[in-house]
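Q: Sequence:
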Amino acid sequence: MFTRVANFCRKVLTRESDSDIQEQNHSTDDVVVIPRAQHNISRKDISDNALKVLYRLNKSGYEAYLVGGGVRDLLLNKKPKDFDITTNATPEQVRKLFRNCRLIGRRFRLAHIMFGPEIIEVATFRGVHSDNNDKNESQQANNGMLLRDNVYGSITEDAQRRDFTVNSLYYSADDFTLRDFTGGLQDLQQGIIRLIGDPETRYREDPVRMLRAIRFAAKLDMRIETATAEPITRLAHLLREIPPARLFEEALKLLQAGHGYPTYQLLREHHLFNALFPLIDKHFTPQGDSNMEKILGQVLKNTDQRLQNGKRVNPAFLFAAMLWYPLVEHAQKLTQESGLAYYDAFALAMNDILDEQCMTLAIPKRITSLVRDIWQLQLRLPRRQGKKAYKLMEHPKFRASFDLLLLRADIEKGEVQKLSHWWDEFQQADMQRQKTMLNALGDEPSRHRRSRRPRKNTAKPQ
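Position one of the sequence shown corresponds to residue 1 (my numbering), numbered consecutively onward.
Bear in mind the hints are in silico, worked out from the structure with no lab data behind them.
None of the hints are false.
Listed next, the in silico DSBU-like pairs over lysine-lysine satisfying Cα-Cα at most 35 Å (straight line):
| # | residue 1 | residue 2 |
| --- | --- | --- |
| 1 | 78 | 311 |
| 2 | 282 | 333 |
| 3 | 96 | 253 |
| 4 | 294 | 333 |
| 5 | 79 | 294 |
| 6 | 301 | 282 |
| 7 | 311 | 391 |
| 8 | 52 | 96 |
| 9 | 294 | 282 |
Label-pair restraints from in silico Cβ distances:
| # | residue 1 | residue 2 | range |
| --- | --- | --- | --- |
| 10 | 93 | 314 | 36 to 42 Å |
| 11 | 176 | 329 | 56 to 62 Å |
| 12 | 338 | 297 | 28 to 34 Å |
| 13 | 201 | 118 | 33 to 39 Å |
| 14 | 424 | 82 | 35 to 41 Å |
| 15 | 386 | 424 | 16 to 22 Å |
| 16 | 387 | 233 | 54 to 60 Å |
| 17 | 245 | 291 | 28 to 34 Å |
| 18 | 243 | 197 | 22 to 28 Å |
| 19 | 105 | 286 | 39 to 45 Å |
| 20 | 282 | 418 | 30 to 36 Å |
By construction, the Cβ of each residue, glycine as well, lies at the ideal position given by its N, Cα and C atoms.
With the hints as constraints, model all of the structure from the sequences given.
A: Written out as structure tokens, the structure reads:
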């Protein structure tokens with residue numbers, strides 16, 4: 001079915017030469033309308049709640065379309081994670097139609113219609129900015145970044161205001177047609193991520209579009225079109241102006257959506273990784289074979305595999321693994337420079353590393369506290385004598401800490417690998433075997449055990 005759609009689009013697009021198609025987007029008048037018989041989108045694959053919203057908007061006299069990633073994924077026979085709607089109704093008009101609606105955002109005014117855990121996002125058609133726009137509706141910084149984008153327009157203007165052609169496809173539940181204003185169907189068929197409009201201008205309007213280009217290329221296994229990719233490296237610095245809270249959300253989408261490793265490779269290729277993790281980026285080596293680079297690649301591959309197998313992942317573990325070697329290096333440096341005991345230096349280093357990382361990504365405290373637990377347990381795992389092993393296994397983050405130990409063991413080998421083998425066997429052993437293993441340890445102190453200072457003689461003189 002998708003092939004039929006692509007063939008249809010190819011016939012329509014033969015009005016222009018191939019070179020012209022590569023150099024410019026379709027004009028707003030060159031809309032391709034694909035009837036139901038020539039595309040593979042079926043209402044049975046669309047959320048019932050999204051259909052309710054579309055039907056009510058249409059019944060109330062408004063235009064309304066399914067748009068964005070939901071349409072793109074349906075055309076690719078993938079299951080969309082959410083369904084977004086665009087309409088010519090204003091946010092206030094949408095709110096009057098739905099009692100379960102709330103309006104959010106100042107930069108982009110949106111309507112969220114709540115159906116239990118499912119949220120249907122409804123946006124009003126975006127229009128063209130002009131000098132006559134009210135500052136409450138439209139505002140742009142000197143560097144080109146859009147601070148407000150609440151100028152409303154027509155569907156043709158809205159199509160040109162969207163970011164990528166593959167996300168600018170509109171499905172109507174009224175007549176079941178598909179509308180393509182920007183050549184998105186052809187790009188989808190050819191596997192191309194292409195920005196709508198001038199790439200540099202669009203990146204300056206919203207630098208996060210550079211990260212979105214990387215994410216879609218990795219997720220959809222597509223290539224970024226040359227003109228779209230060209231400005232990314234030299235405009236990467238613009239991401240420093242994005243609020244850390246927004247970058248944190250983007251980082252999770254990039255690295256914890258099941259395509260983290262290819263995304264990481266593309267981020268490095270286009271020099272965007274530094275904008276998210278400058279602390280890690282400065283430790284990269286020309287050969288790419290440092291312990292930090294090895295654990296970074298492995299934890300991302302493991303995360304992808306877990307997600308593809310339907311398992312849950314915790315961002316705290318990902319950050320703990322990614323920042324482990326910068327933490328160790330910093331702790332060792334503090335020990336040498338200040339003469340502090342390693343445990344004290346390690347505690348200070350944890351604060352320093354997390355504080356520095358949070359300047360770029362606003363990692364919530366609920367996650368950083370878990371990261372600290374996982375790190376602290378790395379120092380406690382070698383201390384297994386007596387009842388300590390049993391107490392460690394009762395810790396809520398023991399499993400995550402053990403998983404980090406396994407990652408380290410594959411990289412560091414030696415004593416760390418022996419320790420991981422011991423813990424692996426201990427967890428699976430019966431009680432008698434566990435006692436034997438503990439007795440075999442003796443009272444040998446671990447290498448990081450704090451040395452105690454002799455007590456002062458406080459006895460009074462005779």
